[in-house]
Each structure stands twice: as structure tokens, then as C-alpha cells.
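Undergrad: Chain residues, written in single-letter form:
Number of protein chains: 2
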Amino acid sequence: GKDSEEADEEIAQTEQVINAIQYYRRYGHSKLRHFVAVFRRLCDSHQLQLASPYSEHLKKMKLCIDQNQRVLKQILSYGLEMFGGDHSLQTAAEISQLRPASELYMSKVKSTLKQIVRDWSTEGINERTLCYNVVLSAIRARFPDVARRHDVSILVPGAGLGRLTWHLVLEGFSVQGNEFSLFMLFTSNFILNKCQKENEFTIYPYVLDTCNNWTYEDQIRPVQFPDLCPATASPTRANTFSMCAGDFLQTTNGDDECWSVVVTVFFIDTATNLMNYIDTIHRILKKGGVWINFGPLTYHFADMDDEDSIELPYSEVIRLVKAKGFKMERDERNDSIPPTFYACNERSMLRYQYSCGFFECIKL
Amino acid sequence: GKDSEEADEEIAQTEQVINAIQYYRRYGHSKLRHFVAVFRRLCDSHQLQLASPYSEHLKKMKLCIDQNQRVLKQILSYGLEMFGGDHSLQTAAEISQLRPASELYMSKVKSTLKQIVRDWSTEGINERTLCYNVVLSAIRARFPDVARRHDVSILVPGAGLGRLTWHLVLEGFSVQGNEFSLFMLFTSNFILNKCQKENEFTIYPYVLDTCNNWTYEDQIRPVQFPDLCPATASPTRANTFSMCAGDFLQTTNGDDECWSVVVTVFFIDTATNLMNYIDTIHRILKKGGVWINFGPLTYHFADMDDEDSIELPYSEVIRLVKAKGFKMERDERNDSIPPTFYACNERSMLRYQYSCGFFECIKL
Chain A
1 GKDSEEADEE IAQTEQVINA IQYYRRYGHS KLRHFVAVFR RLCDSHQLQL ASPYSEHLKK
61 MKLCIDQNQR VLKQILSYGL EMFGGDHSLQ TAAEISQLRP ASELYMSKVK STLKQIVRDW
121 STEGINERTL CYNVVLSAIR ARFPDVARRH DVSILVPGAG LGRLTWHLVL EGFSVQGNEF
181 SLFMLFTSNF ILNKCQKENE FTIYPYVLDT CNNWTYEDQI RPVQFPDLCP ATASPTRANT
241 FSMCAGDFLQ TTNGDDECWS VVVTVFFIDT ATNLMNYIDT IHRILKKGGV WINFGPLTYH
301 FADMDDEDSI ELPYSEVIRL VKAKGFKMER DERNDSIPPT FYACNERSML RYQYSCGFFE
361 CIKL
Chain B
1 GKDSEEADEE IAQTEQVINA IQYYRRYGHS KLRHFVAVFR RLCDSHQLQL ASPYSEHLKK
61 MKLCIDQNQR VLKQILSYGL EMFGGDHSLQ TAAEISQLRP ASELYMSKVK STLKQIVRDW
121 STEGINERTL CYNVVLSAIR ARFPDVARRH DVSILVPGAG LGRLTWHLVL EGFSVQGNEF
181 SLFMLFTSNF ILNKCQKENE FTIYPYVLDT CNNWTYEDQI RPVQFPDLCP ATASPTRANT
241 FSMCAGDFLQ TTNGDDECWS VVVTVFFIDT ATNLMNYIDT IHRILKKGGV WINFGPLTYH
301 FADMDDEDSI ELPYSEVIRL VKAKGFKMER DERNDSIPPT FYACNERSML RYQYSCGFFE
361 CIKL
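As you go down the protein sequences, you meet chains A and B in turn. Just so we're aligned, residue 1 is where the first sequence starts under UniProt numbering, counting upward by one. Just so we're aligned, residue 1 is where the second sequence starts under UniProt numbering, counting upward by one.
Fair warning: there could be bad hints in the mix.
For chains that are exact copies, the list does not tell them apart, and a pair is met inside one copy or across any two.
[To be verified] Result set (EDC-like, lysine to aspartate or glutamate): computed pairs, CA atoms no more than 20 Å apart in a straight line: (1) 60 to 145; (2) 62 to 303; (3) 286 to 329; (4) 31 to 217; (5) 114 to 227; (6) 194 to 247; (7) 73 to 256; (8) 31 to 306.
Keep in mind the hints are simulated off the structure, nothing from the lab.
Based on the provided sequences and hints, a complete structural model is requested.
TA: In C-alpha cells:
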């Protein structure tokens with residue numbers, strides 16, 4: 001029947017995530033083998049010129065790759081232990097056999113390492129300040145009474161590795177993060193619940209990026225995480241904190257007029273049809289509830305011929321939000337907000353710079 | 001034999017370029033048909049919400065696509081006329097039949113339109129100032145006597161659409177631009193030789209980019225070119241100017257100790273093995289000749305398993321240049337040079353920001 005087909009599909013996708021996380025080391029080693037083969041095909045003179053700095057660098061890369069795999073394995077093991085009761089996850093883990101993963105899945109593993117830098121390292125502080133502070137300031141200003149914030153329920157769709165969500169918890173709000181990606185869910189779960197002390201773990205997030213480096217050292221530089229430890233930093237409060245796994249549109253099915261605030265940061269462009277997000281956010285907010293948004297419009301499903309993606313400009317998004325029944329209280333575009341970055345290597349010669357839109361609106 | 005196989009291969013590649021340029025309109029229309037189909041599959045309520053602004057926008061997009069095709073066709077016709085004597089080009093044009101082009105080739109057509117903005121429009125002035133002025137200043141300072149500049153021979157590998165090359169001509173130098181891409185060669189030839197007046201032609205370079213737009217208007221905004229007309233702006237001088245088609249390593253085969261200056265801007269990362277470029281530039285420069293370089297290291301053949309690409313960090317490039325027998329006179333990295341952009345849509349929410357290395361060195 002259809003339900004069991006869906007369950008099979010979920011198990012298959014989960015198994016691909018588990019496989020990709022475990023395949024990282026072999027993937028990295030195969031890249032190294034390719035580099036060595038290319039080196040050996042160079043003429044003698046060029047081999048001599050590159051000489052020991054190059055071969056030393058490849059050796060160091062190998063150590064970095066192995067260390068990344070160790071951390072990824074811990075993240076995976078803790079996830080399987082923690083979510084052990086979940087049928088599809090358990091089945092997926094049981095049937096998982098190490099085999100080559102697609103470039104797409106390996107790019108997701110590599111992105112996960114960079115997301116750790118963004119959300120949970122000292123190196124990511126500039127990025128976080130630029131992206132999260134404008135949102136946090138708006139929420140603080142709206143709910144200045146810290147003692148009563150536990151009554152304010154905030155939903156964060158696209159919570160990623162949960163730093164913004166955790167920030168809101170620390171400020172006294174009752175918060176739920178929602179996230180679809182299993183890579184993100186495993187990793188945020190590990191950081192939020194398993195890490196015991198500051199900067200306990202070391203990764204090499206840029207080791208496989210061979211373009212636009214200033215030095216060999218920049219490419220293989222270590223990043224430690226977490227810069228603060230949620231498990232020990234957590235004060236006893238009246239507020240609540242949870243993470244919810246799954247698709248935003250589906251998991252919010254029974255949430256009519258349930259939330260005081262919805263916060264979307266670098267999230268709305270994950271929609272194939274942004275109007276579905278607008279409809280859902282309108283439905284799940286209480287009357288007078290607030291939606292705060294910050295981000296660009298890099299539609300994730302653009303140019304995929306097999307996906308029904310609608311790509312609208314920002315001014316149309318604002319028009320549709322108002323037409324739905326929101327009162328726009330702040331609408332800041334272009335030069336009024338400094339440019340931001342997303343999971344960016346700050347020592348790279350190439351950085352993707354985002355000029356984000358910020359809006360704050362009220363459900364009428 | 002091998003020679004006729006190579007000739008066949010050249011004809012086949014040329015034919016793909018000609019086909020892609022001619023296929024642009026149908027490519028654009030197929031995208032529009034997809035957008036219309038997606039729109040029709042939306043629920044009635046969402047169709048009503050998007051309503052006339054969306055369908056008006058799609059209609060305007062069609063007009064922009066058609067206009068881009070008209071300009072592209074003029075560029076192609078002039079190229080075929082101008083290079084009519086070239087056997088492979090003529091054969092390629094004769095056998096060319098309109099058929100769907102690959103996404104790769106269509107992306108090259110789209111890039112060509114954006115390169116026009118970079119090199120030959122008023123809108124590109126900021127980009128050009130940031131990238132070219134540091135190079136032009138260095139050359140002017142080195143050769144202050146304008147009257148004697150015609151004796152200074154400059155080679156510009158990776159000349160693209162030729163703006164920097166043309167700038168150097170205007171300053172009185174004898175210059176040759178070298179370019180491999182037929183898309184660039186057709187287009188630079190058109191601008192340098194065919195255009196009759198300033199802002200004679202209009203294109204819509206961003207019409208097919210549906211992500212990260214602030215408004216519908218930004219996406220379909222026109223750009224005029226050329227901002228200045230080389231054919232009429234050209235003064236009578238003692239210096240020479242030429243463009244040379246082909247691979248830099250091959251076309252410079254007989255150029256031993258031939259050039260006073262080599263200028264590389266956003267070029268050196270087109271190498272599979274940068275040491276070949278260093279060797280060649282060293283060989284073709286006169287003793288005491290100068291190499292000026294500006295750009296990032298986005299190696300074009302990185303991550304292609306079927307290409308022997310070596311990807312080195314910037315500090316290693318500098319080390320190899322010195323080891324080859326160049327005296328480094330200026331070496332500026334990171335924060336000493338303001339960030340630059342490359343064929344970037346300046347009204348987009350997403351921009352690729354390059355932190356470029358600049359160096360100036362002398363062949364000993």
C-alpha cells in the first residue's frame with residue numbers, strides 16, 4: 001500500500017544519509033589518491049618544484065580527513081543511540097552498508113561541517129552577529145519583560161544547527177526549532193545534548209576545498225566547537241525548548257493559532273511555492289502574532305525541471321504577505337542592512353555575499 | 001591521421017558554439033513554458049494571488065529573450081563574415097543545424113551577456129575600476145613616457161571581451177589580447193570593430209536569473225553597450241593592437257623573449273597546471289620584462305576527475321614564481337586590496353566577492 005511505500009522511501013533516504021556520513025573518510029582518501037596520481041603524471045621538473053611542501057600538505061590533509069570522520073562517527077553514533085526507538089532510523093542503520101555516496105550527499109556532509117563553524121564556533125561569530133542580531137533585537141524589543149517571556153512561544157522553521165533557537169531559549173522564550181535535514185538534526189542533537197565542555201571537538205571544515213586558498217595552512221586549519229556548551233550553559237527556567245524533525249508544512253499540521261512568533265532566517269527560499277509557507281505561517285500564528293524574516297531568495301528548487309518551483313522577487317513576497325492578512329511593521333531592503341555571509345570560509349579568496357531582506361509583520 | 005582528427009574536433013566544438021548562440025531564444029522559451037506549466041498546476045487561490053503581475057512578467061521576459069537573441073545573432077553573423085576565411089569556422093557554420101544545446105553551453109551564452117556588462121557598459125564601471133585600475137596604475141607608473149609607449153609590447157592572455165586590452169591601447173602601448181573562448185572572440189570582435197556609436201545595442205543580461213531579485217524590474221532591466229565605441233574612439237597612433245585566438249600555451253610557441261609586459265587578470269586559475277603558465281610567461285618575456293597579475297584562484301578544472309588539475313594556494317604560486325627566476329617587486333594580498341566582483345549583477349541579493357592577489361615581478 002501507499003503508506004508502506006512511503007515508509008520504504010523514508011528508510012531509503014535515511015540510509016543514504018547514514019551511508020554518506022560514514023563514507024566521508026573514503027571519499028576524502030579517493031580525492032587524495034587522485035591528487036597523488038596527477039602529481040606523478042607531472043614532468044620531473046614540475047614534481048621537483050612542488051616537492052616536499054606539496055606531499056607534506058597531502059599527508060596533513062589525510063590526517064584532517066580522518067579526524068573529521070572520527071567526529072562525524074560520534075555524531076552519527078549518538079544520533080542512532082538517541083533516536084534508537086525510531087523504526088525507520090533503526091532499520092536504515094541496520095541495512096546500511098558502506099558504499100560510494102553521490103557527490104550531492106557528500107556535499108551535504110561537507111556543508112554540515114561548515115554549518116558547525118557558522119553556528120557553534122568562535123570563528124563564526126561575525127557571521128552570527130550579522131544574521132542573528134537584527135532578529136534577536138527585534139524580538140527583545142517586542143517582549144522586553146524577561147520574566148514573562150516563557151509564555152511567548154516561538155517557532156523557528158529551518159533551525160539548522162540550532163544556534164538561533166538556543167539563543168532564544170537563553171533569553172527566556174519557549175522555543176521549538178523545526179528542521180528537515182537529518183544531517184542537521186543529528187549534528188544539532190549532538191551539540192545540544194552530548195557536548196560536555198567548550199571547544200571539546202576539533203574539525204577541519206575546509207580540508208577538501210582546494211580553490212581560493214591563500215596558504216596550505218588556511219585550507220587545513222582546525223576549528224573547535226562548541227564555543228559554548230548548551231548542556232552545561234542551560235539554566236533552570238520556566239520556559240520550554242524542543243526540536244521537531246520533519247517538513248515544516250507537515251509537522252505544523254495541527255498548530256492552528258498556536259504560536260506567538262515565527263522566526264525564519266535563511267529559510268523561506270527552501271520553498272517550492274513560497275505561498276504555502278505564507279499560508280501556513282498565517283494559520284499557525286495567534287492573532288496579533290509576529291513573523292520575523294531575514295534572508296535572501298536563493299530558491300533551492302530553481303532550475304530543477306522535475307520540481308514545480310515558483311521563483312518570485314522580494315517585492316512580490318512582501319506584496320503576497322500583506323495580501324494574506326499581515327500588517328507590515330518593518331520592511332528593510334538593500335543598503336539599510338549590512339551584507340551577510342552564510343557558512344562562509346572567512347579566509348577564502350571567494351565569499352558569497354548576501355544582501356538580505358528583513359521584515360517584521362503582524363497577523364491581523 | 002591525427003591532424004585531421006584534431007581538425008574534426010575543432011569543427012565539432014566550433015559548431016557547438018554556433019549552435020548554442022543560435023539556440024538561446026528556444027532555450028529561453030522552453031524555460032518560460034516550464035514556468036507557465038508550473039503556474040497552471042498551482043491551486044486556484046495561488047494562481048489568483050500571483051495573477052496579472054506574474055503573467056505580465058513572463059510576457060516581458062519573452063520580449064527580453066527575443067531581443068537578446070537578435071543581438072546574439074548579429075554578433076554571430078558579423079563573426080562568420082569577419083572570419084569567413086577560416087576553414088573550420090566556415091565548415092562549422094555550414095553544418096550547423098539548430099538543436100537543443102547543453103546546459104553548459106547555454107550557461108556560456110548567458111555568461112557572455114554578463115561579460116558585456118562587465119567590460120562594455122556604464123553599469124560595469126565599478127567592477128572595472130576595482131579590477132583594472134590597480135593594473136593600469138602599475139603599468140603607467142612603470143612606463144611614464146607616453147610618447148615612447150608604442151615600443152612597449154604587452155600581451156594580455158585571457159583578454160575576454162578586450163576592455164583592459166583596449167585601455168592599454170588607448171594609453172599608447174602596443175598590445176595583443178589572447179583569448180581561447182569563441183564566445184568571447186565573436187563578441188569582442190563585434191564590439192571592437194562593428195559597433196558604430198555609444199550604447200547602440202540593448203541586452204537583458206539577467207532575464208533568465210529568477211533567484212535573488214528584489215523586483216521583477218531588476219530581473220528584466222536593460223543594459224546598453226558599448227559605453228564607448230572603440231571603432232570611433234580610436235586615435236591614430238604609432239602603436240599596434242591585435243587579438244589572437246587560441247590556447248595561450250600554444251599560440252605563444254614562437255614568442256621567446258618577445259614581450260615587454262604580460263598582464264594576467266582573472267586568468268591564471270584557468271590553468272590545469274599553473275607551472276606551465278609560469279614557465280611560458282618566463283620564456284616569452286624579455287629580460288627585465290614585467291609580469292603583472294591580479295585575480296583569485298578559482299581553478300577552472302578543479303574537481304574534474306578526468307582532468308589533471310593541480311590546485312595550489314596563493315603563497316605557493318608566489319614561491320614558484322620566485323623560484324622560476326622572477327624578482328617579486330610587489331606582492332599584495334588580503335586586506336591591502338579592496339574586494340572585487342566578476343561579471344556580477346550589482347542589484348542581486350547574492351554577489352560573489354573576490355579577495356584578489358596582486359603581484360608585479362621582473363624576469364631576471
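Undergrad: State for each hint whether it applies.
TA: Verification of the supplied hints:
With identical chains, the CA atoms of residue 60 and residue 145 are never at most 20 Å apart, being 52 Å at best within one copy and 51 Å at best between copies. Taking the shortest alpha-carbon separations for residue 62 and residue 303, only the inter-copy value of 17 Å comes in at or below 20 Å, while the best intra-copy value is 36 Å. Proximity of residue 286 and residue 329 under a CA criterion of 20 Å is satisfied intra-copy only: 17 Å inside one chain copy versus 66 Å between copies. With identical chains, the CA atoms of residue 31 and residue 217 are at most 20 Å apart within one copy only, with a shortest distance of 18 Å there and 44 Å across copies.
For a Cα distance limit of 20 Å, the shortest separation of residue 114 from residue 227 inside one copy, 14 Å, qualifies, whereas the shortest one across copies, 42 Å, does not. Within a single copy, residue 194 and residue 247 get their C-alpha atoms no closer than 25 Å, and across copies no closer than 55 Å, so neither meets the 20 Å cut-off. For the identical chains of this complex, residue 73 and residue 256 are neighbours neither inside a copy (39 Å) nor across copies (56 Å), given an alpha-carbon limit of 20 Å. Taking CA atoms no more than 20 Å apart as the test, residue 31 paired with residue 306 passes between copies only; the shortest distance there is 12 Å, against 31 Å inside one copy.
Hint check: violations occur at hints 1, 6 and 7; the rest are consistent with the structure.
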